[in-house]
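Chemist: Here the protein sequences come in this chain order: A and B. 149 is the number that our numbering gives to position 147 of the first sequence; each next residue is one higher, with no gaps. 124 is the number that our numbering gives to position 67 of the second sequence; each next residue is one higher, with no gaps.
Hints are computed from structural coordinates only; laboratory data are not their basis. There is no bait here: all hints are sound.
Heads up, incomplete: computed chain A residues facing chain B, CB under 10 Å, no partners named:
| no. | residue |
| --- | --- |
| 1 | Asp29 |
| 2 | Asn32 |
| 3 | Glu33 |
| 4 | Arg37 |
| 5 | Pro42 |
| 6 | Ala44 |
| 7 | Phe45 |
| 8 | Ile101 |
| 9 | Arg102 |
| 10 | Ser105 |
Beta carbons are placed, not taken as given, at the ideal position from N, Cα and C, and that holds for glycine.
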Amino acid sequence: MLTLPGHLEDYSISNINEDMSFLEMMDVLNEQLIRKGDEPVAFDHDCREGICGACSMYISGRAHGPQKLSTTCQLYMRNFKDGETITIEPFRAAAFPVIRDLSVDRSAFDRIIAAGGYIGVSTGQAQDANALPVEKHLADMAMDAAACIGCGACVAACPNSAAMLFVSAKISQLALLPQGEPERNNRAIAMVNQMDEEGFGNCTNIGACEAECPKEIKLTNIARLNR
Amino acid sequence: VEAEKNAAKERTQKLLNLLKVSRTVDDFHKALGKIMWEYCGMARTAEGLTKARNLFRSLSERILERCKSTRHCNEFNPELDKAGRVADFIELGELMVIDALNATKVVVVTSALSTRTMEKPKRDDDNYTLCAAWEFKGVDATIPSCTRNHSIMRL
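Full structure from sequences and hints, please.
Modeler: The structure is reproduced here in structure tokens:
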């Protein structure tokens, strides 16, 4: 396989409708390139409805582009001016090696999740839904943390390439609930160790992660993790 | 295992070799969608379905022959990935058409134009319920050799 050093390439695209999503624009670009006999641009995508966390572009200096609270797939071309030059880069972090073009390997996140292990539950018949009371505000916070789709925008936005927002959300979604309480401390330590091993940077409370997160994951999760 | 590996390799190579010039994988995907929409939608006729079947035949031959990709099979190649999937969709679409052909008299109330009347949808409970099982007999043999094996089930 031929490996070339990374570089920026200029493409001009016409026939872009303002109602197209950013990824549809990329499809149009690739169709044009293939028809011309050029290499299509590799990029990550899957559900295209903002829930899977697969799309990962750094668009004109912002993770997932200029629109707040949206993934790249939910970004539409009406957010750009006609004739505008858009710079697209992969999510860049030492722990996210580039596979090709805009496609990066984020399996470090999977390994962090795997390091979290399991929660102990009794087998047999499922217990009554109300047997374990959970306070409403705690349940809400756990749900908010669980909204993290693991896209990696927090890492891409962070000048330290820290994965603290992701890891803290994944830890918080369980730590706030009674299920998994016995494994709580070990889980947090194992996940943080794995995070360090993967080569993510340290948190210096800059907050770019929260600002760019498409799912509104809050910095308070990081505070909870540190406790 | 070795035989399966070789078969997979051959299929990948087939897709790759033949992935040359003029039409992209997306063109085939769109053509497939159009055939399904036109001939295997809510309203279907035996003529339309037969036509669709013939269209599929040429489409699946052409995706293997004409699809275009510039990369090789031993590296990250999203276009090849897509070509494999669309080839599968075409196969599935063809099966749906054949299944619908078999079920012309028994498809859901609104669908078979031959039994539609201006009044209330005409019920045909004797032929209404159909349970069909299709056997996969290899890529090339799939559609022609699929044998219909169904029995009418009364609810």
